[in-house]
Amino acid sequence: MSLLELKNVSKVYGSLHALDHVNLTVEKGEWLAIMGPSGSGKSTMMNIIGALDKATEGEILLDGEDISKKNAKALTDIRRDKIGLIFQQFHLVSYLTAVENVMLAQYYHSVPDEKEALEALERVGLSDRAHHYPSQLSGGEQQRVCVARALINYPEIILADEPTGNLDEANEEIVVELFRKLHLEGTTLVVVTHNPEVAEVAQRTVVLRNGRVDHETINENFTGKIKHITLQ
Amino acid sequence: MKRRKMYVRMVMASLLRRRSRMIIALLAISIGAMILSGLVTIYYDVPRQMGQQFRSYGANMILTAEGETITPEQVEQTIALIPEDKLVGAAAYRYQTVRINDRPVMACAADLEQVQKTSPFWLVEGEWPSQEGQLMAGKNIARTFNLKEGKRTTCTFAPEAQTEASGSETEEIIPDNWTDFTVTGILDTGGKEEDYVYMLPPDMEKLTGLPTEYDVCELSVSANSDQLSELAEQISTQVEGITARLVKRVTQSEDTVLTKLQSLVLLVTVVVLALTMICVATTMTAVVAERRKEIGLRKALGASNESIIAEFMGEGIVLGAFGGLLGGLLGFAFAQVVSRNVFNSSIRLMPWLIPVTILASVVVTGIACLIPIRSATQIDPALVLKGE
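Line by line, the protein sequences give chains A and B. Here the first sequence stands for residues 1 to 232, where the numbers follow my numbering. Here the second sequence stands for residues 1 to 388, where the numbers follow my numbering.
For the record, the hints were derived by calculation from the structure and aren't laboratory data. Predicted model, so just to flag it, every value in this text is computed and none were measured. Be a bit skeptical, because a hint or two may be false.
[Stated by the list, open to error] Which chain A residues face chain B? A few, computed with CB under 8 Å, are given here:
1) Asp53
2) Glu100
3) Leu104
4) His109
[Claimed, not checked] Here are the computed lysine-lysine pairs in the PhoX-like style, where the Cα-Cα straight-line distance is at most 25 Å:
5) B:Lys293 <-> A:Lys54
6) B:Lys148 <-> B:Lys192
7) B:Lys248 <-> B:Lys117
8) A:Lys73 <-> A:Lys115
9) B:Lys2 <-> A:Lys115
10) A:Lys181 <-> A:Lys115
11) B:Lys5 <-> A:Lys115
12) B:Lys151 <-> B:Lys192
13) B:Lys139 <-> B:Lys192
14) A:Lys70 <-> B:Lys293
15) B:Lys86 <-> B:Lys148
16) B:Lys117 <-> B:Lys5
17) A:Lys73 <-> B:Lys293
18) A:Lys54 <-> A:Lys73
19) A:Lys54 <-> A:Lys70
20) A:Lys28 <-> A:Lys69
21) B:Lys2 <-> A:Lys73
22) B:Lys86 <-> B:Lys151
All residues carry an ideal CB built from backbone N, CA and C; glycine is no exception.
So that you can see chain A by itself, here it is in the shape it has in the complex (with noise of 0.2 Å):
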């Protein structure tokens, strides 16, 4: 069975058909990566597999359940149980410090566990900046404590709006390699980006135009191996 499966999916605003009947599947354990052109319908459908937003029509189904008529406190709590979410402007509180940021998700789904946090932390390469607050983090950083965040409470999936848009490129490397490393934990991925470099290390792409599925590739070279990056 497919974690996740949207069928016919739309999204429409007004006239504008953000989405127009997407099917789309993706395998527990599975790297996938969604590309194309901006007002393509990245965005919408990460906020629709994220349980944000509502799709307008078609079933939308996540570990076997259909999520897409369910309401607002319904979603909460599958976004708290079964989501994990990276967001492209790191979306961090700016008065927690890093590990109380990744405490924040485990206090929503359920004990905070500090040195949980600090391992996941360190998973991340940031044991030694876990009591710096974002603003004493680089954007580098600020990214992996999102991704720290995200993976704290083993989430079914984990979402990644253009985790890299906002990076250099040696904190793109890094990003990059602990999503390699999370694949090989048998995480399923589901990265948006522009970035053609990001989406080829993923093992398949997926090609969104004007709310529709254009084409999809499959990475013939994916080796899911990890390159050794030292965290920092």
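With chain A's structure known, arrange chain B on it following the hints.
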């Protein structure tokens, strides 16, 4: 870590690490709480302050004898029934007609120290009699007999004199007793008091040969009309042979002024509360507006509306509590300044007002936060995360 500990950590971090905005909110609450606490202090202290002011207009309770006279024992029994902190003065008067230069004059004997307390508006040119052999003359009497401060005069007493004083004619008056007095002061009240001479009770006893007893006793009590009525009833019941009556002209004026003053203070208090609520609501609305992205993020991470409400309400309650504490203390200082400038006296600290101010401040802040918090729960995480 327990959820509660993380909750407290988040609320305190939000307050302490976003100081500039929170200081504005805290100031808004503190100023409101300060005025609220100050006005409530004044509201409760006004009767005491005004009561003291009103006491300068004279006695507000009169004791009369059911028989012929009031004995000193009856006066003492009456005073014992009045709480010490409420009794301003108790002056008992004995009136007798005496003669000066063979002409009848109404003499009044009283504890003149107490008279100064019950009738502080009496204006004396010179000194009040403080020992036996001294006399104070009313202005009209002084003019009639050309009495001046330091001048000596002789008063005589004869039972027949009473007939003379009441207007009847007598051909010859034989003085039975006489006493020399030194005039120490001239009394100016603008009233009938200027037609009397005043002496101490031992002088009257010596002059008339009659034991000290009184015709009337005036009491000045710092209390409202209800308390006075109750006290009068108690005195009339418990002190045999005495009837206590209120001087309604004074007590009713006091009540009217106090009621109007307290109503005014109450009205201002309500207006201040409303203004505080608007001010806090505006500040919290601004806080919510500038934290739209953060709220959106929290919702994206799975925060329920209840969690968002609890976090903002927690911040509001902490702000309200600290603002209330600060405002409560500043309010006492504010009331003290007002009291010293308006009433020329210090105000009493009411310790219970501090927790009450904190509670009121928390409630007002909580109510003021309701609308901004409601708008916070309606923030769409998808829109916020897109940066709209």
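The hints, checked one at a time:
Hint status for A:Asp53: holds, given a least beta-carbon distance of 5 Å to chain B, under 8 Å. Taking 8 Å as the C-beta cut-off, the interface hint given for A:Glu100 holds, the closest approach to chain B being about 7 Å. For A:Leu104, the suggested interface contact is upheld, since its CB lies about 6 Å from the closest CB of chain B, less than 8 Å. At its closest, the beta carbon of A:His109 sits 6 Å from a beta carbon of chain B; the interface hint therefore holds under the 8 Å criterion.
Proposed proximity of B:Lys293 and A:Lys54 is supported: the alpha carbons are some 20 Å apart, at most 25 Å. In summary, the hint linking B:Lys148 to B:Lys192 is supported, as the alpha carbons are separated by about 19 Å, within the 25 Å threshold. Among the hinted pairs, B:Lys248 with B:Lys117 is consistent with the structure: their alpha-carbon atoms are about 19 Å apart, no more than 25 Å. For the hint linking A:Lys73 to A:Lys115, the alpha-carbon distance of about 30 Å lies beyond 25 Å, and the restraint is violated.
Between the alpha carbons of B:Lys2 and A:Lys115 the distance comes to roughly 13 Å, so the proposed pair stays at or under 25 Å and holds. A distance of roughly 21 Å separates the Cα atoms of A:Lys181 and A:Lys115; the hinted pair therefore holds under the 25 Å criterion. With a C-alpha separation of about 15 Å, the suggested pairing of B:Lys5 with A:Lys115 holds against the 25 Å cut-off. A threshold of 25 Å between alpha carbons decides the hint, and for B:Lys151 with B:Lys192 the separation of about 23 Å falls inside it, so the pair holds.
A hinted pair counts as satisfied when its Cα atoms are at most 25 Å apart, and B:Lys139 with B:Lys192 qualifies at roughly 10 Å. The straight-line distance between the Cα atoms of A:Lys70 and B:Lys293 is roughly 24 Å, inside the 25 Å bound, and the hint therefore holds. A C-alpha spacing of about 37 Å is found between B:Lys86 and B:Lys148, which places the hinted pair above 25 Å, so the restraint is violated. Of the supplied pair hints, the one linking B:Lys117 and B:Lys5 is violated, its CA atoms being roughly 63 Å apart against a limit of 25 Å.
Restraint check: the Cα-Cα separation between A:Lys73 and B:Lys293 comes to about 19 Å, which is no more than 25 Å; the hinted pair holds. With a CA separation close to 12 Å, the supplied pair A:Lys54 and A:Lys73 stays within the 25 Å bound. Only pairs whose Cα atoms come within 25 Å are accepted, and A:Lys54 paired with A:Lys70 is accepted, the gap being roughly 8 Å. Taken as a hint, the A:Lys28 and A:Lys69 pair is honoured in the structure, with Cα atoms around 23 Å apart against an allowance of 25 Å.
This hinted pair checks out: B:Lys2 and A:Lys73 have alpha carbons roughly 24 Å apart, not beyond 25 Å. Our distance criterion of 25 Å between C-alpha atoms is broken by B:Lys86 and B:Lys151, whose separation comes to about 39 Å.
In the structure shown, a violation is registered for the earlier hints numbered 8, 15, 16 and 22, in ascending order.
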